[in-house]
Amino acid sequence: MDDSERRALSSRFVRVMRAIYLTSLTAANVCAAHGRIHARETRARLEAHVTELRDRQSEAARLLGLFGRGRPLLRWVIGPLTSLWGRLTTLTGGRFSLHMLGNMEAQGAKLTTYALNLARELAHVAAVEALVRLQRAEDNRKKYIISQLELAQDADEALK
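Going letter by letter, the sequence shown gives residues 1 to 160 in our numbering.
In case anyone wonders, no lab produced these hints; they're calculated from the structure.
We treat Cβ as the ideally placed atom computed from N, Cα and C, and that holds for glycine.
Misleading hints may appear alongside valid ones.
[Said to hold, decoys possible] Pairwise CB distance ranges (calculated): (1) Glu150 x Ser11: 15 to 25 Å; (2) Ala33 x Asp2: 41 to 51 Å; (3) Tyr144 x Glu59: 51 to 61 Å; (4) Ala48 x Asp154: 51 to 61 Å; (5) Leu22 x Glu150: 17 to 27 Å.
Please construct the entire structure, taking both the sequences and the accompanying hints into account.
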């Protein structure tokens, strides 16, 4: 193989390597952008959920403040009335009480922390997916480079 063939082959090889590198960079950027979009959408949905839960929690707290859960007279008056109302309106005869609002408030706080933990986990999952895609793109790029090197070596041996 003379010098001009060697130069042509090396320039072709450099062009191929540059194309591989740019392709892998593009794939990595696309994966990262998808991960960011997914995380942004998930964060927006969970923030809306958290604000809804906070609104429910504040409404439950407002109702508790309105009816005064700590006053015995109100408890004695309202307790039997709500129990009677609950027995009339439910088939099972279960009790309904304003004190359930306290449980609703606690459930709202639990749901808020659950939503925040879920947001963290989903962001972590999106990041791991992006890293896995990047690793796959890098592995494919390495395989392609190795195959191109083998082809160049075979072409070099064929020209000798």
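Here is what the structure says about each hint:
1. Glu150 x Ser11: 15 to 25 Å: Check passed, 19 Å falls within 15 to 25 Å.
2. Ala33 x Asp2: 41 to 51 Å: 47 Å, holds
3. Tyr144 x Glu59: 51 to 61 Å: With a Cβ separation near 59 Å, Tyr144 and Glu59 satisfy 51 to 61 Å, so the hint holds.
4. Ala48 x Asp154: 51 to 61 Å: Check passed, 59 Å falls within 51 to 61 Å.
5. Leu22 x Glu150: 17 to 27 Å: With a Cβ separation near 22 Å, Leu22 and Glu150 satisfy 17 to 27 Å, so the hint holds.
Going down the numbered hints, you'll see the structure goes against none, and every one checks out.
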